Each structure stands twice: as structure tokens, then as C-alpha cells.
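Chemist: Okay, here's what each chain looks like letter by letter:
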Amino acid sequence: MHKVYHRIEQIAGNVITVTASGVANGELAQVVGTLGVSLAQVIRLDKDKVYLQVFAGSRGIATDGQVRFLGHTMDVSFTDALLGRVFNGSGQPRDNGPALDENRIPIGGPSVNPAKRIIPRKMVRTGIPMIDVFNSLVESQKLPIFAAAGEPYNELLARIALQAEVDIIILGGMGLKHDDYLQFRDTLEAHGALSRSILFVHTAADPTVECQMVPDMALAVAEQFALQNKRVLVLLTDMTSFADALKEIAITMEQIPSNRGYPGDLYSQLASRYEKAVDFEGAGSITILAVTTMPGDDVTHPVPDNTGYITEGQFYLRHGRIEPFGSLSRLKQQVNARTREDHRTVMNTMIQLYASFKETLEKQSMGFRMSAWDNKLLKYGARFEKEMMDLSVNIPLEAALDLGWQIMADCFEPEETGIPSKLVASFWPKKTA
Amino acid sequence: MSQKSGRVVAVNGNMVSIGFQGNVAMNEVVYVLSKGKRLKSEIIRVKGSEAQAQVYEITKGIRIGDEVEFSEEMLSVELGPGLLGQIYDGLQNPLPEIAEQKGFFLESGVYLRALSRSKRWSFSPQAKPGDILRRGDCIGSVPELHFTHKIMLPFDFFGEWTLADIVPAGEYGVEDAIAHVRDQRGVERELRMMFSWPVKRAVDCYVERLKPKQPMVTKTRIIDTFFPVAKGGTYCIPGPFGAGKTVLQQVTSRNADVDIVILAACGERAGEVVETLKEFPQISDPRTGRSLMERTIIICNTSSMPVASREASVYTAVTIAEYYRQMGLDVLLLADSTSRWAQAMREMSGRLEEIPGEEAFPAYLESLIAGFYERAGLVLLNDGETGSVTIGGAVSPAGGNFEEPVTQATLKVVGAFHGLNRERSDARRYPAIHPLDSWSKYPGMVDAKQVEEARDVLRRGNEVNQMMKVVGEEGTSIEDFVMFLKSEFLDAAYLQQNSFHDVDAATDADRQTYVFAKIHKILHARMFFPDKDAARRWFLQLTAVTKDWNLVLMKSPEFKQLEERLDGMLAEVLENA
Ligand SMILES: Nc1ncnc2c1ncn2[C@@H]1O[C@H](COP(=O)(O)OP(=O)(O)O)[C@@H](O)[C@H]1O
Ligand SMILES: [Mg+2]
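As they're listed, the protein sequences go chains A and V. Counting in numbering that gives the first Met the number 0, the first sequence tops out at residue 432, every number present. Counting in numbering that gives the first Met the number 0, the second sequence tops out at residue 576, every number present.
Next comes chain A alone, as it looks inside the complex:
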């Protein structure tokens, strides 16, 4: 029923051009090349010229290749049979299971009406003091881990995912190393979580166009589960690979780049994915934890920079630790007033003292004499790093707050901390000596 076109007029990058009529923007097509059949998507229409990006890439496509339009836009099957399965960026199985075709839902759908959102109020406990105490994670939050290449970001992602109380975990892998993909799968399996997980995985060896589809695919499925009252956690790693895939197509389409080759709509593109994180009024929720690797360890690089403006904070992973500076949970104040009355004060005071410690460290490195105050700060900083920041620490929030008071009491007099006197009266540990 759909017309087949046999003449490909232009092939540039992963984009092909055919002359056709009656085609819709965003429509899917099947392209047959010498290396097999691939899906392609209409990305621009100009009179009778149709531009398509080919998911498997243009390699092996000849000018006499076949293009058949499918009459619908990109979609994905939504069923419970997705659970425990692994797919690629085109939605094809990556495991040995059967392809799924029932109940197809479009991907990249409209955004949620802000009037139908609710204020998130549920803290997600992770057992990591740098998160629970200083930057609490909240259900429905969108939050990336900023890290340089080589940092253990995927391990951290998996650890939080397994510790969080959620109904469904959806992994969107982009540009993943094959080993990392297997590691994720095995970790989920070992913890008995694979049966409530769905994996959409694009590996570094797969065509880049498929990389672009992964977040939409993962989030469309997540949205359906959330509407069915499920609490869904979506893991997206690595969003920098996703942005690079966007850059590649923008350059092929000769768009004017805005910053280091990235297209001017990078912000909107990232936002339309991250904004899928939601707490639905009267239904479930989507929490998004992502990874944004920072080329050259530079937060001002366009990808982390635009991401930081979109997400509700970030965990800054550096030298294997979550840095207190640069890390932020913008939703923490939604939850940390109702945990324990000293939570906010411990959080603010310990960070301010740690900032003073850093200054002292600088002075010390320049060889200045250390004052009595400096020595107190040095003692404090060392303990803070060892007992709070180290990622091997795994204790509940309340224990971490108690520990915070203990460290401060071991290092300072109460008034040196600037803590309001009321809280000092009820929380400052009594001297044991």
C-alpha cells in the first residue's frame, strides 16, 4: 500500500535524500541497502525532497537502494513482556528473546501539562551521606552524575538504582562499552532486579543514529508504566554520547553551530528528554538519573553546561568521591525539612566548614604558619573526607547526621561553627573526657 522509491539522490553522512510526495515530517521508512534493511526517519521536507536519517547509517546504501515509507512515526511496543528484556536503539531485541510488536506507542510524545504535576515530596534514600545528608535525592528528580572519563560513574549509578525503592528500572545506554553493558546486566541480575528492568542499549560499536533514539524509547516506556501507577527509575548513560549524536546530524544537515559544533537547540533537545521526569497527580512517577561525562573534565563544556541548567542538580564525581562543591540537589529542600530538625543545619554548617578547610589547605600548601584555627580546620577536613565523602561509607541518614555532630564536636567549640544556639543545646554531643 505504501509507495516504494528506488532512486536515492543524495547521501551525506547518515542522511539520504529522495524525491517523494505525501510524506509526513517524522515519518519512518525502511531503507534497503547492500548490507541489509534499516529504519530511517524523515527529518526535513523541502518541496518534493525528503531528507531521512538512516538508523543503521548510510554505509552500504546505493543510489538505487529502496525506500519504503511506513505511514507512521517512530514507536515502541509497550507491554509487560518488556520486563527483563534487552533492546537496541531501534527497539530490536539484543538478547535472544522474540521481537515485540503488540501495543505500539509513539515515542517523543508531548510534554506533561505543568498543571498536572505535583510537588515531589518523597526522599530516595541511598545510604550515601554525600547524597542523603548534603544533596538528598527525591522521587521524580532529574539528576545527572557529572564525571570525567574513567570515574566510576556507572558503578555509582547501579548502586543507587539497586538501593532505591522503585518498581521498575529502565536503562538507556548510549555509546556504552560492551563490557559496561554486560556489567550493568550482570549487576541487575545478581541482585534479582533484572526481572523488573528493561534495557535499551546502544553500544559504542552501534550506528550513531540509534544512539539518538535511546532516551525517547526508554522514556516513552517509562511514561506508560508511570501512568499505570508505577514508580519508574530511568538510568541514562552517557548523555554526552547522545549530545554528540545530535551534533553529528546537525553538522550533516549544515546547521549553524552555536558552541563548539553543537547545534543551537541542544538545550531544548536535552530538556525535552529530562523534563519527562515527573510525579503525576494521582499516578506514578519517573525519576531520571543520568551520566554526563565531561570532555576534558570541564563543566563549562556545552553538554554539562546545558545539562546543569536543565536538571535538578548534579552529583559531581571526582577522584572517586562526590564533591560537596559543584554537587547540588535542587529538590533537597522539599524533603530535608521533614527528616530531622537538625538536617539542614548540619548540611549547611559542615559544607561551610569544609570550604574554610579548603582555604586553609591552600594556605598550608603555600607554606604559611598554621594558626590554632587552621589546625582545627585541618583536623576537621581530614575526618570529613574520610568519614563522609568516601564512597565506601554506607550508613542511614540519621546515623550520618549523628556522625556529623560528632566530627564537629571533636574539632570545634559550638560557637565556632555558627550553629544556632537552640540546636547546639539539643544536639551538640556532651564532652566525654
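Don't read these hints as lab results, they were simulated from the structure. None of these values were measured; they are calculated from a predicted model. Using N, Cα and C, we set each Cβ at its ideal position, and we do this for glycine too. Heads up, a few of these hints could be off.
[Stated by the list, open to error] One-sided and incomplete, this derived list gives chain A residues near chain V with beta-carbon spacing under 10 Å:
#1 D47
#2 A147
#3 P262
#4 Y273
#5 K275
#6 V277
#7 D409
#8 E414
[Said to hold, decoys possible] Straight-line distance between alpha carbons at most 30 Å, and here's what the computed DSS-like set of lysine-lysine pairs gives:
#9 A:K246 - V:K199
#10 V:K531 - A:K375
#11 V:K448 - V:K411
#12 V:K36 - A:K46
#13 A:K48 - V:K34
#14 V:K3 - V:K59
#15 V:K411 - V:K199
#16 A:K421 - A:K385
#17 V:K531 - A:K421
For this one, chain A is given, so just place chain V with the ligands on it according to the hints.
Modeler: Chain V with the ligands in isolation, oriented as in the chain A frame:
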């Protein structure tokens, strides 16, 4: 409809090209008919028999040959009673009603009327038959919540009009005829309570623009005391992500001493708007005792909503602000973030393949930014009253670097600059407005000389701190060291303010004047300390007591007690003691 007709000939992102016959106007609203939906769009370029339009919706599904309908109207907003307390998208669609009709998602092609057609308003006529009227003149009023909402001669009724007849006091809907007017040639026109105005054109029905002088109190100490904003003025808040732009705007929207606040949530997070729209109805406005929502209008076009309507949203917001200004009210417009608006223009300029300027922003960026802020102002109205629109815009510079086109273009035109600083926010020194880099051209409410002296302490304290990094504490004189401690004290005890504490979050004008006088006295005092450690200990203690002081109500007994403690502490270290 006219004989105009058009069809889609190209689709590129959110821009379509239309082949048309007949006449087409720049900025005319057109509808692309796609799959049974009407997708609102705006003509942004005309070339021969082809025009480009930005589509205010996702363009997925549009085909070559899809029909285009012409409205013969420019993008406009509805003005009339019923705007207060509303939550609109960038095109003035009421979001709660869309949610009621369509559920969770913003389907494309759904447009609802901004003003309720079923609601009745209690109209009292004021003008009398025979009265000569000019545009903007008041013909009557209706109570809208606790405001007297003036019903005015529509702003596009140029020239002189004579009132022919007017209805008696009673209940009317916004579309009911309430009066008739005649121009000099005898042409008669009907008046309703509602009319529309094209958003991209400034409302200019006033006698003259006046110089903004009166401070708009925000209850944020560092702003009101050090970098004040005047009613009718403009200011900007640039800052890297996470530095506190949104929180600062949120507290300002609660506490600002104005009649009406319009929040333009422009291309940022939906969640932040949700906080406002769920919390404001619960919070009471200390000025009126009514809910804060009653003085607020939210224009919400967040980051995942269509980019073209983001571009329109700031204009929608400022037009509504001007409308209430015409009633003699003080209106504050807060836009978060103007950079997203600029980016929306950049996206469209790119699709039009215009020659790009710096960072691919269009060459006309500066003039559009200037034009937007120029819509702020204090004006003398026809009836002798004044009204004002104050604009505060957040700016989100790429990489946190202020040397970028949007920040630079904005700094050229605003009256105050509240620059947020990454080091300060990292050190949790909120609000992270940089006390040395920021500036304001407006007069404040605190004695200017004392403020200058306090800034001088900050400057000198900063110099000492820089010097100490080179020569160390031991190489610093005790006088210099005390200067440094004084500047740190001023910072911690006065400039920093906890936005999440009930009392500390809002310091009114009286309290600021009172507390600042005390702080100034401390800064001014000549102090004696035996050594630096003693000085540091004393200042830490002083800071702790002052911070406690900030947390108690001014009329509470603790306020007096803590003040006495401060006085006592100061007496201990005075040089002549
Ligand atoms: N005045 C303040 N008091 C306390 N915390 C603040 C303040 N301003 C900002 N913060 C903290 O910083 C976070 C980011 O602030 P936000 O205003 O959202 O930044 P921006 O809009 O500049 O990206 C907030 O979620 C909050 O945790
Ligand atoms: Mg913000």
C-alpha cells in the same frame, strides 16, 4: 475569510514554508491544518510568494501540501477582568482548563480562551454619555478579587471618541456590549469589557514616562540596602546554573512591595512553576491578607514546551503587565530565563539561515533585548495617576561566563545588575549576589553614605584577604586582619540571608534600616584585641549572635535580648574601654 490561500511547501524543525496567494502580513497568525488539527503559527518572513512561519507546536506529522489558514490577526492577548490568579502558557492558553479537558499531556492544536466567557462581573459605569474619551480612559470598573479593575477604552481606539451610551450597573460577561462610542465622523463602535492587543507592540497610552525613583522593596537585604531596584526600573540576575537565580526570583515574587506580580517561566523547569502554583494559594500576602495567588499571574512556557511559544511568552507576560499598569498599579514582571527566550530566537534565526552573530545569536539580538526592557517604566497616566512595570530578568550565560552576547546586551540596558557568583554559591553564601561586582543606578532607602562605607569595608576586607593569600596571616597587621574580619562579619550577618527560614527570608524596610544602622556602627567602631586569635574568636561569636538575631521576630522579646548582647559585646572591645 478572504481569498487568501496557502499550502505547506517545506518543513524544517519548527519552521514551515508556505506557498501563498493573496496578501500576507508579517507576524500574522496562521494555522497549519495537519491530521485534523489546527497548528497555530506565526509568519516571520515573507519572500515573494513564499512565507516562513514558526509553528507553536511540534511539527511531526506535517506534510507537504497541508493547507494553511490565515487569521488576518497578529499574535495578540486577551485583556480584561479574570487574568489574575491564572496560569497560562506562552500563547495565553489556560493550563488548568486544558488539563481538565485533555488530561496529563499538552496535545498539540488545543487552544482555549484566556478569559472565561461564562463568568459575570459586577460592572459599575463611570463615564457618562457625551464624555470625550481617548484610548486607555476609564469608562467603568469591576471588582476583580481585591482590585478595582478599570474597564478602559481599548488601546487601539486612536483619536477622540464620544460616549454614546453605557449600560447601568449590573452583572455582565466579558463579551457583552457595555457601551457604544462614536468618533468624529460618526462611526460607532461597541465596547466590551474585553479587548485584545498585539503582544509585540508596547502599550503606549500615557502622558509621559517618569524617572523611576521610589524603591521597590524586595525584603532581600543585599538588594534593598546595597543594590536597590526602583518601581518602574529594570534589573537582571545573571548567574551560572545552581547559583540561585530562580530561588531569588521566587522569594522576590512573594515579598516584593508591588500590587501585581507576573511570572514568566520561560524555557526553564516545569517543576519550579509547580512549586509556585501549588504553594502560592496557601500563602497569605502580608500586604492584603489575601492569598498570594490573587496578585499573581503565571505565564508558563517551560523548557519542553514548544520553542516558538517560548519566544512569544515574554511578550505575552509584558503585555499583561502593561495592561494592569494602565490601571495605576505597580506591576513586577520576573522572567526566568531571558536566555531561553534569546535561544528560541537563535533557533529560529538558524532555520531562516540568517547570517549569524556571536555564538550564532541573530544580529538583532541586542535591539530585541533592549526593546523588551524598554517596556518597563513608570508612567503618568491620562487620569493623573501613575503606574509602573518593573522588569527583572534572569540570565543564564553559557559556561557561567558573563562575556557572552545575552548578558552583555542586557547589561547595557538595565538599571541594576545582581550578578550571582559561583564561588559564593559553592560556599553556600546565599543569596550569591556578588557584593563587589554588582551595581545599581537606583536610589535606595538606607543612607547612601553609610552604604558606601559598608561597601568600602567589603572592598578593603577583600584586599586584605587577597594579600593574606600571599603573605599569610602572620604577615598581616592586626588592623588589616580586623578589617578582614569585619568584612566577613558584614557578609555572614547581613548580606547572607536564608531564603528558607520563616523570619530570615524577608526583612522589611523598617527592620533593614534598624539592623543596618547597628551593623554600620559595629563596622565603624575602633576595636582593640590582644591578638588575632582573640579577634577571630570575638567575631565568630558576634556573627553567631547576629545570625540568631536575624532569626527572631523584631517584635519578640528575644530581639531586644540579643540586641543587648550585641551592644554588650561591642562595649567589651571598644578601643577606649
Ligand atoms: N537564598 C538561598 N538560600 C538557600 N539556598 C539557596 C538559595 N538560593 C539558592 N539556594 C540553593 O541553590 C539551589 C539552586 O538555586 P536555583 O535558584 O534553582 O539556581 P539557578 O536558578 O541559578 O540555577 C537551590 O535549589 C537551593 O538548594
Ligand atoms: Mg533557575
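Chemist: Could you work out which of the previously given hints the structure breaks and list their numbers from low to high?
Modeler: Violated hints: 2, 7, 9; rest satisfied.
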